[in-house]
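Chains as they are written, first to last, in numbering that gives the first Met the number 0: chain P, 0 to 608; chain X, 0 to 570.
Among the hints, erroneous ones may be present.
[Claimed, not checked] In the PhoX-like style, the derived pairs of lysine-lysine whose C-alpha atoms are separated by at most 25 Å in a straight line are:
(1) P:K601 / P:K534
(2) P:K334 / P:K309
(3) P:K391 / P:K309
(4) P:K516 / X:K70
(5) P:K534 / X:K127
(6) P:K565 / P:K334
(7) X:K501 / X:K520
(8) X:K70 / P:K260
(9) X:K501 / X:K303
(10) P:K577 / P:K601
(11) X:K501 / P:K516
(12) P:K149 / P:K94
Quick caveat, the hints were computed from the structure, so don't treat them as lab data. Just so you know, these numbers come straight off a predicted model, no measurement behind them.
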Amino acid sequence: MQLTVTNSPFNEAQTEKINQILPTLTPEQKIWLSGYLAANQQSVSESVFDTPSPEVAEYLMNTENPSKTREVTILFGSETGNAQSLAELMEGRLKENDFTVKSSALDDFKPKDLKKAEDLLIISATHGEGEPPENAVSFYEFLHSRKAPKLDDLRFSVLALGDQSYEHFCQTGKDFDNRLDELGGQRISPRADCDLDFDEPADEWMNGVLNAISTPSDEHGTAVKEPEHSHADNQSVYSRTNPYRAEILENINLNGRGSNKEVRHIELSLEEFGQTFEPGDCLGVYPENNSSLVNQLIGMLNWNPESKVKINSRGDSLTLSEALTSHFEITKLTKPLITKAAEIFGNNALKEKVDEEGWIQNYIEGRDLIDLLNDFPASDLQPEALVQILRKLPAREYSIASSYEANPEEVHLTISTVRYNAHNRDRSGVCSVQFAEHLEPGDTVPVYLKRNPNFKFPLDEDTPVIMIGPGTGVAPFRSYLEERDELGLEGQTWLFFGEQHFTTDFLYQTEWQSLLKDGVLSRLDLAFSRDSDEKIYVHHLIEQNSKDFYQWLNDGAVLYVCGDEKRMAKDVHQVIRKVLEKEGGMDENAAENYLTQMKKEKRYQRDVY
Amino acid sequence: MTENNNKQLSEKLDEMERIKGESNYLRGTITEGLSDAVTGAISEEDTKILKFHGSYQQDDRDLRDERRRQKLEPAYSFMIRVKVPGGTVTPDQWQAMDDIADEYANGTLKLTTRQAFQFHGILKRNLKHSMQNINNAVMDSLAACGDVNRNVMCNPNAYQSKVQQEVNTFADEISDHLTPRTGAYHEIWLDEEKIHDTRDEEEVEPVYGKTYLPRKFKIGIAVPPSNDIDVYSQDLGFIAIIEAGQLTGFNISIGGGMGMTHGNTDTYPQVGRVIGYCPKNSVKEVAEKIVTIQRDYGNRTDRKKARFKYTVDAKGVDWIRAELNSRLGWELNDAKEFQFDHNGDRYGWTKGSGRWHFTLFIQNGRIKNTANYQLKTALREIAGIHTGDFRLTPNQNLIIANVTAQKKKQIQEIIDEYGITDGENYSGLRRNSMACVAFPTCGLAMAESERYLPSLINKIEEILDEAGINEEEITIRMSGCPNGCSRPALAEIAFIGKAPGKYNMYLGGGFKGDRLNKLYKENIGEAEILESLHPILLQYGKEKFEGEHFGDFVIRAGIVEAVHSGQYFHN
Numbered sequence: 000m001q002l003t004v005t006n007s008p009f010n011e012a013q014t015e016k017i018n019q020i021l022p023t024l025t026p027e028q029k030i031w032l033s034g035y036l037a038a039n040q041q042s043v044s045e046s047v048f049d050t051p052s053p054e055v056a057e058y059l060m061n062t063e064n065p066s067k068t069r070e071v072t073i074l075f076g077s078e079t080g081n082a083q084s085l086a087e088l089m090e091g092r093l094k095e096n097d098f099t100v101k102s103s104a105l106d107d108f109k110p111k112d113l114k115k116a117e118d119l120l121i122i123s124a125t126h127g128e129g130e131p132p133e134n135a136v137s138f139y140e141f142l143h144s145r146k147a148p149k150l151d152d153l154r155f156s157v158l159a160l161g162d163q164s165y166e167h168f169c170q171t172g173k174d175f176d177n178r179l180d181e182l183g184g185q186r187i188s189p190r191a192d193c194d195l196d197f198d199e200p201a202d203e204w205m206n207g208v209l210n211a212i213s214t215p216s217d218e219h220g221t222a223v224k225e226p227e228h229s230h231a232d233n234q235s236v237y238s239r240t241n242p243y244r245a246e247i248l249e250n251i252n253l254n255g256r257g258s259n260k261e262v263r264h265i266e267l268s269l270e271e272f273g274q275t276f277e278p279g280d281c282l283g284v285y286p287e288n289n290s291s292l293v294n295q296l297i298g299m300l301n302w303n304p305e306s307k308v309k310i311n312s313r314g315d316s317l318t319l320s321e322a323l324t325s326h327f328e329i330t331k332l333t334k335p336l337i338t339k340a341a342e343i344f345g346n347n348a349l350k351e352k353v354d355e356e357g358w359i360q361n362y363i364e365g366r367d368l369i370d371l372l373n374d375f376p377a378s379d380l381q382p383e384a385l386v387q388i389l390r391k392l393p394a395r396e397y398s399i400a401s402s403y404e405a406n407p408e409e410v411h412l413t414i415s416t417v418r419y420n421a422h423n424r425d426r427s428g429v430c431s432v433q434f435a436e437h438l439e440p441g442d443t444v445p446v447y448l449k450r451n452p453n454f455k456f457p458l459d460e461d462t463p464v465i466m467i468g469p470g471t472g473v474a475p476f477r478s479y480l481e482e483r484d485e486l487g488l489e490g491q492t493w494l495f496f497g498e499q500h501f502t503t504d505f506l507y508q509t510e511w512q513s514l515l516k517d518g519v520l521s522r523l524d525l526a527f528s529r530d531s532d533e534k535i536y537v538h539h540l541i542e543q544n545s546k547d548f549y550q551w552l553n554d555g556a557v558l559y560v561c562g563d564e565k566r567m568a569k570d571v572h573q574v575i576r577k578v579l580e581k582e583g584g585m586d587e588n589a590a591e592n593y594l595t596q597m598k599k600e601k602r603y604q605r606d607v608y
Numbered sequence: 000m001t002e003n004n005n006k007q008l009s010e011k012l013d014e015m016e017r018i019k020g021e022s023n024y025l026r027g028t029i030t031e032g033l034s035d036a037v038t039g040a041i042s043e044e045d046t047k048i049l050k051f052h053g054s055y056q057q058d059d060r061d062l063r064d065e066r067r068r069q070k071l072e073p074a075y076s077f078m079i080r081v082k083v084p085g086g087t088v089t090p091d092q093w094q095a096m097d098d099i100a101d102e103y104a105n106g107t108l109k110l111t112t113r114q115a116f117q118f119h120g121i122l123k124r125n126l127k128h129s130m131q132n133i134n135n136a137v138m139d140s141l142a143a144c145g146d147v148n149r150n151v152m153c154n155p156n157a158y159q160s161k162v163q164q165e166v167n168t169f170a171d172e173i174s175d176h177l178t179p180r181t182g183a184y185h186e187i188w189l190d191e192e193k194i195h196d197t198r199d200e201e202e203v204e205p206v207y208g209k210t211y212l213p214r215k216f217k218i219g220i221a222v223p224p225s226n227d228i229d230v231y232s233q234d235l236g237f238i239a240i241i242e243a244g245q246l247t248g249f250n251i252s253i254g255g256g257m258g259m260t261h262g263n264t265d266t267y268p269q270v271g272r273v274i275g276y277c278p279k280n281s282v283k284e285v286a287e288k289i290v291t292i293q294r295d296y297g298n299r300t301d302r303k304k305a306r307f308k309y310t311v312d313a314k315g316v317d318w319i320r321a322e323l324n325s326r327l328g329w330e331l332n333d334a335k336e337f338q339f340d341h342n343g344d345r346y347g348w349t350k351g352s353g354r355w356h357f358t359l360f361i362q363n364g365r366i367k368n369t370a371n372y373q374l375k376t377a378l379r380e381i382a383g384i385h386t387g388d389f390r391l392t393p394n395q396n397l398i399i400a401n402v403t404a405q406k407k408k409q410i411q412e413i414i415d416e417y418g419i420t421d422g423e424n425y426s427g428l429r430r431n432s433m434a435c436v437a438f439p440t441c442g443l444a445m446a447e448s449e450r451y452l453p454s455l456i457n458k459i460e461e462i463l464d465e466a467g468i469n470e471e472e473i474t475i476r477m478s479g480c481p482n483g484c485s486r487p488a489l490a491e492i493a494f495i496g497k498a499p500g501k502y503n504m505y506l507g508g509g510f511k512g513d514r515l516n517k518l519y520k521e522n523i524g525e526a527e528i529l530e531s532l533h534p535i536l537l538q539y540g541k542e543k544f545e546g547e548h549f550g551d552f553v554i555r556a557g558i559v560e561a562v563h564s565g566q567y568f569h570n
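Next up, chain P with everything else stripped away, as it sits in the complex (with noise of 0.2 Å):
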């Protein structure tokens, strides 16, 4: 490009010297410049609007862009990673459209930069009851604070991620949204509030974002670009919106006979993937609705399992059997669909309850959508106003449990069969009881790679690392250890692994005795809780090994924790707590401090549901 007078603020003599060296810089030596010349702006910017020279003052006139001059904050609280996947799309869209943008998780930002911030971009998961995720705690509690600070001069924009099917939905991302504009930021475009099947409004709030900041095309502005990938081109990479159909291997239940559970290994090929993945990244799967329950609810409603539905915006269109198969998810029950629901059925007693407080919430916990029609059945309901009502059926993701440098063409997954019974009727996990009895080996099912960037191992050899992975939580440790194995690693390393019973549900068994035999793992302690009078959890093995686990600690471990959220996660922290109390001498506070700590140097990571 020729820069002259005219489509930039410098003079003649400048545009000449600026031609003369541009042609001659390689590549990186224009990287180099841009990111010297971005990284001084803040002084660039501020001397240029003190005294803005004739010629920019000019140009600024001319163009009325003032706002590629204000930097960007992203700033992302991701549980699984999804915000902070949106979080880089996002960047890069910005950078694209030439802004300056900084990006970091939100408790990765320094508050007492927040007075500094000028377009503030906040993408946020909610987790568990409304609560933020892990890496967004104490940011959140920043700004919930009285410290926080005045922020007239902020503008800002909130994209919240969560599921419908919680209580609190979108809470975090509502909370950062309120709470910015009590301190007296401005919008720069609204909250957009997304589902599971975030990917169109996302993109949908991060076009708004673009458009509001940058200035409206004129004869010299240029419109903002589209993002590089978009839906039309490059069907070959493989993602969310582009699931690659990966071939079933393996399918093996890993529980013995007479096991109360049933654990599914599961190998897929990933043959035409072209994609690497690291230990602790997840795949996410595409499941389908069991045929049993699609032709019951159809059976229901008297419908015609062949007539056609549209399925989204574009008007693409489905049999009413594939789609609710496929496409959307009956097992669940949302609060906004009891709520259109209770306009569309035609039921007066629906109408009625859906007003009661917290009747919605109460009634949609175990129940699907043949309870609700059994419950209250809908009068004139057409296919189309139903599937209207329906959300997309989401993808389920597993941590990744074997090693891509292993076995690069394969991807494992530990998967536990969900089956309960609940308002007397049984119910199964969408998922996991599509491959406990429907898929085999040969069958395809659509999946993607989700990086986890909160669940990252060391590969070195001086590292110890210490792995408390119960349960399918033991997967990702497969993974790791696999890798370890694969790449010759030395080291300390421990795992705790827990189950029901010795005999039948020692997931993996075979292979963590010869991964012992081998040394590639250094000590296993197993809790079988149901082989003893005295139910033994994991915690309690590290209560009972409380000495050599503060040895480890102090020896620089790296701690890692995988699988149920509610108790073992939660028993497990304050074990641990404990252990650093008894041997570390410290008090609670400190001890709480020392854990929060290795949180924030990465040595303490979870990947916890």
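Given the coordinates of chain P, work out where chain X should sit on it, guided by the hints.
Chain X alone, transformed into the frame defined by chain P:
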């Protein structure tokens, strides 16, 4: 040590000899293995030492393949064999065994062909508890397996007057005398203090030494006219000699044994040979000296040829007798007259010594409850009121012995209530049937045995009915492998497993347990078994002489040749 052992040092000793020698008198690393939570097994070498403690590591062979695919190790469990010299236990002991079966084992009890109890399916973490509970019942499993003297068998028929009681005390004495002296059992299982033993070999194990015997050693005492203990199958058999109603001493039979190896004709079952008579009070001394002869001269380079029978056949009966006389310092008398009639059990109520005795038929020795047959519960109830004792018979049956006239009625009521049976309604064939455990737990099994024989008998019974010989007493025995735990080589009809569903069929054993049988058909399945037996049984029905046993008939009819010594078994 001895000249013979020194000679063997130049040959390559069997690996097992090294393991025994290095085990520190049967300790090995069993304690460490028990505390390894990552596996339900113990180390392979320890499994060999564990046998001396009366326990075998096994796994459910039905599940082996399935579990391998599931990335699970085999479903390891342990069998414990409880020594019961002469098969006599009190009602309290019965209840203790019943409890252990439910609490730690698979809910069943097996009465073995050597009058012992066996528990199956005990998990490693319960092994010690089980051992302790056995000890609390004043019983133990030390030397119930392994290269030592095993459970001493003895005729259990209490109705045969006080001679039987006296014989049983000799069985106890021999058993005690030949039990290993090592403290390993008490240290490992009963938490007794470990003592660093600096004594030399002769002090720690005066009879055995640190490498014990080359192979297992079996002793049994028969009381004529019953040869229920199959005295000729024992390494060392004693035959009670009763003169004028008094026990005076024992004839001594040496070098019997059942085991052989398929495809190795240097191995064979053998019947014992009577070498003389000893007065009753020297029986312990005789047993000890014979054991030491086997200790010093048995084959320690080839375990397949290490049983005493091969030592006897290699050295010759006369040499053994001379060596024994020399070790005793006195000479055996000539053998005395005796007469055996049978080797089976007599079922139902009998009276003797002023008490009642009820012999119960127990299919293959398995005490368990099924939907239609609550045998285990019934026996537990009987044990609850019984004031006499229980006798495990060498044919895997059970005698409720020494019942008072007063208790007889109560016990009969329980028998009636549960419909437990003396086998009266069964065919003579079934009443004289015996099978080893085999699949799924026995690591040696090549074919089914206990789980299969009952249904095979169903089908043979149809032939018996056709031949009109349903009541005829015929011994039939099945073993899942050629080691021969059910003593198949002495049965009139026998099956030894070759492969799943395939058996070698043998005919012509002596009804009194005094003659080996002969291979009739090799490697055949059920259809061929029935097809082969059909004409022979029909012929027997038509042509048999009064009182002629089936085993004798097949020889007279020229169907098989008689085998009087194992050395001609394969001819």
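Taking the hints in turn, this is what the structure says about them:
1. P:K601 / P:K534: Roughly 32 Å separates the two Cα atoms, so the pair is violated.
2. P:K334 / P:K309: It holds: about 23 Å lies between the C-alpha atoms, which stays within 25 Å.
3. P:K391 / P:K309: 13 Å, holds
4. P:K516 / X:K70: OK: K516 of chain P and K70 of chain X at ~16 Å, within 25 Å.
5. P:K534 / X:K127: Cα-Cα ~20 Å, so holds.
6. P:K565 / P:K334: Within the cut-off at roughly 24 Å; holds.
7. X:K501 / X:K520: Since the Cα atoms of K501 of chain X and K520 of chain X sit roughly 11 Å apart, the hinted pair holds (cutoff 25 Å).
8. X:K70 / P:K260: 15 Å, holds
9. X:K501 / X:K303: Cα-Cα ~23 Å, so holds.
10. P:K577 / P:K601: Cα-Cα ~20 Å, so holds.
11. X:K501 / P:K516: Violated. K501 of chain X to K516 of chain P sits at ~39 Å, over the 25 Å cutoff.
12. P:K149 / P:K94: 28 Å, violated
Of the numbered hints given earlier, the model fails hints 1, 11 and 12; all others are met.
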